[in-house]
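Listed in order, the protein sequences are those of chains B, X, H and W. The first sequence begins at 1 in the UniProt record's numbering and counts up by one. The second sequence begins at 1 in the UniProt record's numbering and counts up by one. The third sequence begins at 1 in the UniProt record's numbering and counts up by one. The fourth sequence begins at 1 in the UniProt record's numbering and counts up by one.
Please note that the accuracy of each hint is not assured.
What the hints assert, rightly or not - Far from chain H, by Cβ distances over 12 Å, these chain W residues were calculated:
id, residue
1, ASP170
2, GLU176
3, ALA291
4, ARG376
5, ASP408
6, ARG412
7, ALA418
8, GLU422
9, GLU424
10, GLY451
11, SER453
12, SER473
13, LYS483
Unchecked claim - With a Cα cut of at most 25 Å, we get these calculated BS3-like pairs of lysine-lysine:
id, chain 1, residue 1, chain 2, residue 2
14, H, LYS483, H, LYS414
15, W, LYS377, W, LYS414
16, B, LYS75, W, LYS75
17, X, LYS414, X, LYS377
18, H, LYS414, H, LYS477
19, X, LYS377, X, LYS435
20, X, LYS205, B, LYS377
None of these hints come from the bench; they were simulated from the model. Quick caveat: nothing in here was measured; it's all calculated off a predicted structure. Note that CB positions come from ideal geometry on N, CA and C, so glycine has one too.
Residue-level listing of the chains:
4 protein chains.
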Amino acid sequence: MPQFPPAHPFDDDKLREECGVFGVIGVTDAANFVALGLHALQHRGQEAGGIVSHHPDEGFNSVRRFGYVRDNFTKQSLMETLPGPLAIGHVRYSTAGSKGAAIRDVQPFFGEFSMGGAAIAHNGNITNADALRRELIERGSIFQSSSDSECIIHLMARSLQRNIPERMEDALRRVEGAFSIVAMTRSELIGVRDALGVRPLVMGKIGDGYVLSSETCALDIIGADFVREIEPGEMVVISDEGVESSFPFRRKSSRFCIFEHVYFSRPDSIIGGRSVYETRRQIGVELAREAPVDADLVCPVPDSGTPAAIGFAHESGIPFGMGIIRNQYMGRTFIEPTEQIRNMGVRLKLNVNRALIRGKRVILVDDSVVRGTTSRKIKEMILDAGAAEVHFRIASPPTAWPCFYGVDTPQREKLLAATMSEDEMREHLNVDSLKFISLDGLYRAVGEAEGRSNSCPQYCDACFSGEYPVEPSDMIKKGFELKAAE
Amino acid sequence: MPQFPPAHPFDDDKLREECGVFGVIGVTDAANFVALGLHALQHRGQEAGGIVSHHPDEGFNSVRRFGYVRDNFTKQSLMETLPGPLAIGHVRYSTAGSKGAAIRDVQPFFGEFSMGGAAIAHNGNITNADALRRELIERGSIFQSSSDSECIIHLMARSLQRNIPERMEDALRRVEGAFSIVAMTRSELIGVRDALGVRPLVMGKIGDGYVLSSETCALDIIGADFVREIEPGEMVVISDEGVESSFPFRRKSSRFCIFEHVYFSRPDSIIGGRSVYETRRQIGVELAREAPVDADLVCPVPDSGTPAAIGFAHESGIPFGMGIIRNQYMGRTFIEPTEQIRNMGVRLKLNVNRALIRGKRVILVDDSVVRGTTSRKIKEMILDAGAAEVHFRIASPPTAWPCFYGVDTPQREKLLAATMSEDEMREHLNVDSLKFISLDGLYRAVGEAEGRSNSCPQYCDACFSGEYPVEPSDMIKKGFELKAAE
Amino acid sequence: MPQFPPAHPFDDDKLREECGVFGVIGVTDAANFVALGLHALQHRGQEAGGIVSHHPDEGFNSVRRFGYVRDNFTKQSLMETLPGPLAIGHVRYSTAGSKGAAIRDVQPFFGEFSMGGAAIAHNGNITNADALRRELIERGSIFQSSSDSECIIHLMARSLQRNIPERMEDALRRVEGAFSIVAMTRSELIGVRDALGVRPLVMGKIGDGYVLSSETCALDIIGADFVREIEPGEMVVISDEGVESSFPFRRKSSRFCIFEHVYFSRPDSIIGGRSVYETRRQIGVELAREAPVDADLVCPVPDSGTPAAIGFAHESGIPFGMGIIRNQYMGRTFIEPTEQIRNMGVRLKLNVNRALIRGKRVILVDDSVVRGTTSRKIKEMILDAGAAEVHFRIASPPTAWPCFYGVDTPQREKLLAATMSEDEMREHLNVDSLKFISLDGLYRAVGEAEGRSNSCPQYCDACFSGEYPVEPSDMIKKGFELKAAE
Amino acid sequence: MPQFPPAHPFDDDKLREECGVFGVIGVTDAANFVALGLHALQHRGQEAGGIVSHHPDEGFNSVRRFGYVRDNFTKQSLMETLPGPLAIGHVRYSTAGSKGAAIRDVQPFFGEFSMGGAAIAHNGNITNADALRRELIERGSIFQSSSDSECIIHLMARSLQRNIPERMEDALRRVEGAFSIVAMTRSELIGVRDALGVRPLVMGKIGDGYVLSSETCALDIIGADFVREIEPGEMVVISDEGVESSFPFRRKSSRFCIFEHVYFSRPDSIIGGRSVYETRRQIGVELAREAPVDADLVCPVPDSGTPAAIGFAHESGIPFGMGIIRNQYMGRTFIEPTEQIRNMGVRLKLNVNRALIRGKRVILVDDSVVRGTTSRKIKEMILDAGAAEVHFRIASPPTAWPCFYGVDTPQREKLLAATMSEDEMREHLNVDSLKFISLDGLYRAVGEAEGRSNSCPQYCDACFSGEYPVEPSDMIKKGFELKAAE
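Construct the complete structure from the given sequences, taking the supplied hints into account.
Put into structure tokens, the structure is as follows:
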């Protein structure tokens with residue numbers, strides 16, 4: 001079983017985005033652009049990646065691999081097997097499928113229909129996948145993967161519509177959950193977002209061609225210009241004849257994932273017209289206002305805590321310093337030499353800048369607390385190095401509920417905030433103080449001056465609030481209990 | 001030919017440390033500790049690594065591999081082939097040997113002598129290696145590698161002394177240049193530094209055992225305590241009976257490499273009692289004093305410019321911000337899709353945080369300018385993103401001379417500062433201003449309040465000053481011209 | 001694209017069996033037995049192999065790989081991923097599918113049905129596969145491979161029957177062509193042969209368990225006892241409760257592939273109660289009677305011509321000798337050094353035993369002539385070595401028609417015998433004489449004392465006679481012309 | 001540790017030749033010819049192979065690899081790294097060095113001398129290597145391998161002679177044992193045989209170029225013409241100016257290895273003017289005369305017993321038949337499924353042709369008996385298949401002494417014939433009769449009509465007679481006892 005180094009030093013203690021999608025039409029050797037786009041989206045999924053291309057003479061071709069884009073999609077000989085002006089790609093962390101990773105679970109998925117082939121790449125999660133799968137098997141579909149996203153292909157195969165975009169509409173009307181999809185036929189690049197617009201999807205332009213991407217940072221890498229976001233509930237079909245837009249799903253008010261701002265998206269991406277970096281810096285500013293503390297040093301937990309720490313330091317006037325240094329070669333598990341080494345897992349990835357920390361009252365700024373296991377270890381390293389006080393400031397509210405819309409979260413019982421109050425967490429972590437930003441503070445930082453509208457929240461914040469905009473029906477059948485009405 | 005991703009986004013435009021060394025005695029399964037130590041020293045050499053261990057029953061064993069420590073030395077089955085309480089290791093960028101990398105050039109080197117075997121790992125460079133090699137071949141030595149460091153083994157083989165440490169002394173007296181050596185016999189761990197102490201070497205203690213390492217950050221990763229630096233001209237022989245120190249070489253006043261402070265060493269290491277991070281931050285402070293400029297944002301070129309940028313921002317009062325975002329998955333070369341993409345090499349590694357930069361007067365803080373090629377590209381990206389002004393502040397003096405003491409530098413003609421004045425460079429880079437820290441400013445930042453003592457410089461600063469403390473005799477024979485006496 | 005050394009020195013000039021199948025039930029770690037069985041059947045397919053196993057607790061597991069069984073299925077760690085008392089496997093040369101080999105085309109195929117999973121391995125070829133595939137896609141099936149055998153799984157998925165064996169019957173009634181199938185459910189091992197029994201399938205017993213195999217030689221390797229052949233048109237379902245036999249297809253008179261006797265099967269296998277070795281030897285005897293010639297040496301083209309050569313020598317009284325020596329390490333293509341080397345492809349695999357050949361009148365016995373390209377090269381090598389005369393004796397009639405029942409044959413135009421008479425071939429090969437065994441002689445050698453019954457032939461001999469017992473309907477649609485009625 | 005399939009089904013119960021050497025000068029891209037030559041010599045060593053080439057502009061280049069020639073030396077990109085008109089190569093089974101195979105032990109070895117480089121490939125064994133090695137280390141040589149052959153390079157490095165051929169003479173005068181050497185300088189191809197000529201070496205011509213090879217079969221594969229054998233004690237130096245021959249060693253009467261005729265050499269090679277195949281056939285004839293027996297079938301143990309079996313059948317008039325069929329895909333070790341399978345190791349490689357054997361009195365002809373383990377297993381398989389009687393006829397005398405001249409033999413205690421008489425062996429193997437050819441019979445078969453000259457034997461037959469033509473001095477120091485004088 002392939003094992004890949006996680007991207008973040010504490011990925012086992014972070015929520016993880018499960019996928020990134022990217023597609024291009026109207027350029028020479030589109031697959032090369034897709035490789036670059038996926039490389040820029042690698043933070044959204046490190047386990048595996050795939051590209052499908054289409055060439056008028058050579059038809060569809062596909063390569064799917066475990067590992068990083070930079071390791072798999074950079075050889076001339078391989079890229080030459082993916083010719084043509086139209087291509088889509090996908091990176092994934094893991095799917096809702098079986099844990100034993102298999103290459104057949106790696107997207108894009110491909111299906112041959114009577115009117116031609118189509119490939120599909122999906123970011124999100126289908127909350128009624130179990131029920132759909134059971135129904136499709138009863139009717140005679142043979143599944144080739146354990147991925148829920150394959151349901152979409154089988155629903156399309158059974159649609160009575162005459163062309164592929166209409167078959168896709170047909171199929172997606174049966175699907176519940178969150179989806180941002182990039183798909184392709186022999187001549188069309190297709191993008192779709194679910195009616196709530198939970199996961200991101202943007203459109204760009206490069207020369208005479210078009211691009212669809214999970215984030216804007218992947219437009220930058222290929223020098224494409226940002227055009228606009230695909231709207232919640234919108235489907236775009238891009239061909240030689242231009243961009244055709246439709247809104248095939250019942251309209252709802254948008255509920256974009258607020259955690260994309262907090263952690264998932266890259267800081268150099270722009271979402272809803274806002275710089276992600278600037279939003280995170282502003283979270284730090286809000287935190288400094290909500291939870292000030294007298295101290296000598298503001299220190300980020302690298303790298304994701306850095307913008308908020310810069311904002312906190314700026315607002316509080318306390319100096320910013322890099323008290324924790326990240327090993328840029330971090331990776332797999334070493335053989336543990338002996339019991340003499342405590343916290344080796346952390347040491348492989350981070351080291352304390354002892355000379356800077358010694359004797360200081362330190363404010364540690366981190367983006368989130370999930371299980372809390374690494375927060376403890378960092379605190380110990382900081383104290384071992386001689387810090388006088390340790391104050392945690394967290395750039396998101398307590399994560400108390402799992403996500404069912406395309407994010408890998410531990411079961412609810414494993415979430416520290418599901419079982420402890422803020423005070424209990426402080427005691428559990430044994431730090432001098434611990435403060436999370438408030439949900440309203442977070443909404444202010446993303447630009448909602450009035451904070452959260454509890455009657456009609458502007459974002460999906462289910463991981464903090466327990467309010468799920470789409471009912472997780474498969475999970476409920478498996479015993480998951482929704483938050484009791486208050 | 002194996003290709004490995006460079007560690008720094010512009011490694012092709014940086015000076016590169018060539019080696020890191022590490023050794024342990026007196027612990028169970030010493031090789032596991034060495035693997036961890038080398039992982040912490042990976043920034044000193046990414047091309048290849050090797051470990052030699054010794055076990056009383058199983059003798060010497062050795063594994064040498066191209067690639068990262070984390071990829072090569074983490075498998076149980078492999079590490080079990082390296083048993084015993086005594087082991088040394090080496091990571092290298094490249095040697096002074098042939099460019100066609102061969103595994104036989106990867107250290108540690110091993111030699112079987114009549115009194116037993118010895119392994120040796122070398123950080124530095126031998127400036128009279130050509131002459132020594134020629135002499136040894138005349139006398140009947142067969143070289144197995146193209147590495148100059150192998151001379152030491154052959155000199156030892158021909159020594160008339162009765163034990164290995166004395167043979168090593170004998171050999172090293174014939175060697176000119178810079179060397180920090182970690183070596184081992186069946187029962188001894190040996191450390192040596194040349195008389196000028198150009199390259200670093202420190203000693204640590206773990207349980208009843210001892211450690212030798214290029215830097216203190218590698219003591220931290222295994223939880224060892226820092227004991228002291230090996231002194232210039234000192235040899236330590238560590239065995240069951242403790243540490244024996246001697247000074248076999250003619251004493252000289254110390255000339256430690258000042259560039260270790262500027263760039264090579266990890267910021268969390270401590271050299272000569274000073275935190276490398278703090279020194280770099282202080283360089284930023286000095287720069288802000290020497291070369292102030294009115295601007296809106298201090299922005300580091302990640303990651304090595306960050307501490308100096310923090311210092312510059314603090315001293316100048318101008319806000320610190322991450323205007324350039326590094327792709328943490330950067331790597332090999334992608335297939336260039338078309339000419340539509342300019343500066344793709346840079347985009348693979350860095351992206352501009354456009355929302356932050358737009359309309360601002362930006363101070364870019366970088367650690368050094370070598371060829372200047374990437375400085376130009378970064379400037380263009382910053383301007384493309386809409387910056388109003390771009391000011392470069394460089395945390396080292398102009399690099400005008402190659403290093404011959406274990407650092408990979410371009411030929412003198414390729415060094416921008418060798419052919420241009422500061423003003424010409426500013427024009428060449430086409431930026432609003434460009435300032436390097438002065439040599440005196442740099443000496444102040446490393447703690448020499450009076451600056452550089454020109455009569456007897458406290459450091460080796462040949463790359464800036466052209467004053468070589470050891471004559472590069474092989475290079476002079478090949479036509480290199482020393483700086484004319486003034 | 002993986003490339004594997006062909007098994008026979010002139011495989012590019014031989015007909016090639018496309019598949020071997022093997023299955024076991026009722027033993028501990030059945031997959032280990034299957035690996036051995038497939039190893040013994042490797043001559044039936046060298047390109048790829050796969051094994052599916054089922055364990056009550058761990059469900060179905062599957063491994064499919066390109067390359068030899070001995071290279072893929074011999075690692076403990078891999079075999080441990082295939083637990084359970086029930087397993088089937090498949091080796092293939094290539095499928096009727098796309099030429100770009102893909103691992104998804106490697107059998108056994110697996111399908112999840114509403115009543116549980118099933119895996120299927122197929123030896124043979126479906127002559128109406130194109131039509132079936134088109135129909136299935138119209139109805140919404142998504143094909144995962146380019147292999148025609150996958151049709152069977154999709155037909156089963158759409159069957160209205162309540163259990164898997166009945167669904168398989170249902171599916172196979174729609175299938176035209178030749179098939180010997182080994183399949184499995186969670187608790188049953190299933191074997192089926194088409195109504196004509198074109199391809200072989202035998203049953204064996206090992207301890208309390210049962211075995212199904214393409215040939216008896218694979219029973220020998222695991223020490224199983226031969227029980228009987230599965231009969232044409234028979235389906236056996238083997239479970240804890242024993243063997244259940246049925247005959248679900250319309251009965252026809254049997255037409256076993258006569259080429260299995262000539263070349264495909266291993267000489268140590270027993271078919272229809274006859275030793276394949278003995279049959280081949282007898283072909284040599286018949287040949288010596290039909291086409292005697294005065295000569296000094298009977299020399300086989302190794303290895304497949306050896307038994308017939310032994311028979312020819314015995315019957316004729318002319319000494320048997322190994323005039324051609326096979327390089328047992330033959331393999332991939334070497335870089336051709338210069339034009340100095342003629343016939344290098346042949347030299348890589350065979351060398352003439354010059355001292356034996358020189359001055360002799362040589363009878364070369366080969367099993368068949370397909371394109372004739374290698375026959376020419378061998379003749380030249382023999383003459384270069386100084387033979388006085390060269391007489392070819394071929395142990396099969398002229399191969400003038402392609403096979404559509406699971407054998408890889410060149411297009412009809414490429415078959416030497418399709419375009420030339422025996423005399424023209426002799427001239428083309430430029431040998432002193434050339435004789436093929438007659439069709440009646442071949443029938444006598446396989447035990448039909450009266451020769452071939454032209455009204456109702458006892459075997460499928462379409463490759464010689466052009467009389468196809470099942471109409472190749474897909475091929476006819478593509479333009480293939482049947483032999484004109486005489 | 002790399003594991004390669006042995007070439008012969010019972011290689012663990014055979015003596016094994018340790019090396020083959022090959023060299024070419026005067027052709028374009030000589031390394032391609034060497035690859036072909038080594039492929040033809042693969043039977044002399046399967047573990048590893050290496051090629052060194054020299055090009056006037058690009059100097060010496062070398063590739064050394066574990067595994068088969070066909071797998072390593074067939075890629076265009078690799079072969080292009082070995083340019084030039086002069087190249088030598090080596091295949092080896094294993095060296096007298098350490099058992100943990102290391103690539104640094106793979107020949108050819110290379111040494112840089114003051115007058116230029118030289119590469120050397122050695123077939124044979126140095127019987128005073130331990131003493132030489134000790135002496136060289138005392139004097140300051142650093143060995144890079146555990147191979148005894150490296151002594152030659154170090155002796156050359158210390159020679160006072162002015163050119164490489166003379167240094168080689170100097171070195172070889174210190175060496176005891178057997179050696180057939182192919183070496184090269186920048187402009188010369190050198191061949192040398194020890195004074196007894198124990199191991200073979202032949203010269204061929206291709207165009208204007210020359211070839212040196214262990215056997216003639218490797219001349220055939222590249223289309224070179226056989227010129228002559230290098231004579232015992234001869235050194236040839238081949239350059240642009242032709243072939244220069246000298247006899248630098250003290251002359252002795254020749255003692256060529258008789259086992260090359262029995263088993264090592266390929267049957268299509270010609271040694272001393274005799275076809276190896278014909279010699280082996282003649283051994284069978286002699287055996288039939290010396291040890292006739294009434295039986296129904298003469299059956300070879302494939303493949304090496306075949307020529308002798310043909311001779312035995314011809315002389316005795318008993319029919320020849322292939323009672324044992326070899327699996328041509330034999331290979332690595334499979335996981336043993338259960339204790340149900342007896343003799344699996346044998347079954348992987350051989351299967352009995354049951355229909356042929358049943359009820360017959362069988363004469364099994366094998367080339368040699370070493371440990372006797374596989375002879376037992378074959379006998380059991382034959383009896384299991386229903387043979388009425390089993391008679392072993394062995395085409396060599398009892399192997400009672402180890403070889404110290406470049407052949408891998410078990411220790412004397414493990415040789416069946418060292419501890420048992422022929423009768424005891426027959427009982428141990430439990431066969432109806434067992435007969436070895438007599439030493440005189442063997443000498444007659446190789447053409448010595450009078451048999452062995454005991455006063456001055458024409459061949460080295462130490463493995464049969466215990467008479468060692470060169471004293472194995474290292475082994476005697478380690479306790480080996482020579483045969484007591486009679």
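Hint by hint, here is what the structure shows:
no., hint, verdict
1, ASP170, "35 Å, holds"
2, GLU176, "33 Å, holds"
3, ALA291, "22 Å, holds"
4, ARG376, "17 Å, holds"
5, ASP408, "18 Å, holds"
6, ARG412, "30 Å, holds"
7, ALA418, "30 Å, holds"
8, GLU422, "29 Å, holds"
9, GLU424, "30 Å, holds"
10, GLY451, "23 Å, holds"
11, SER453, "25 Å, holds"
12, SER473, "36 Å, holds"
13, LYS483, "36 Å, holds"
14, H/LYS483 x H/LYS414, "16 Å, holds"
15, W/LYS377 x W/LYS414, "17 Å, holds"
16, B/LYS75 x W/LYS75, "18 Å, holds"
17, X/LYS414 x X/LYS377, "17 Å, holds"
18, H/LYS414 x H/LYS477, "20 Å, holds"
19, X/LYS377 x X/LYS435, "18 Å, holds"
20, X/LYS205 x B/LYS377, "23 Å, holds"
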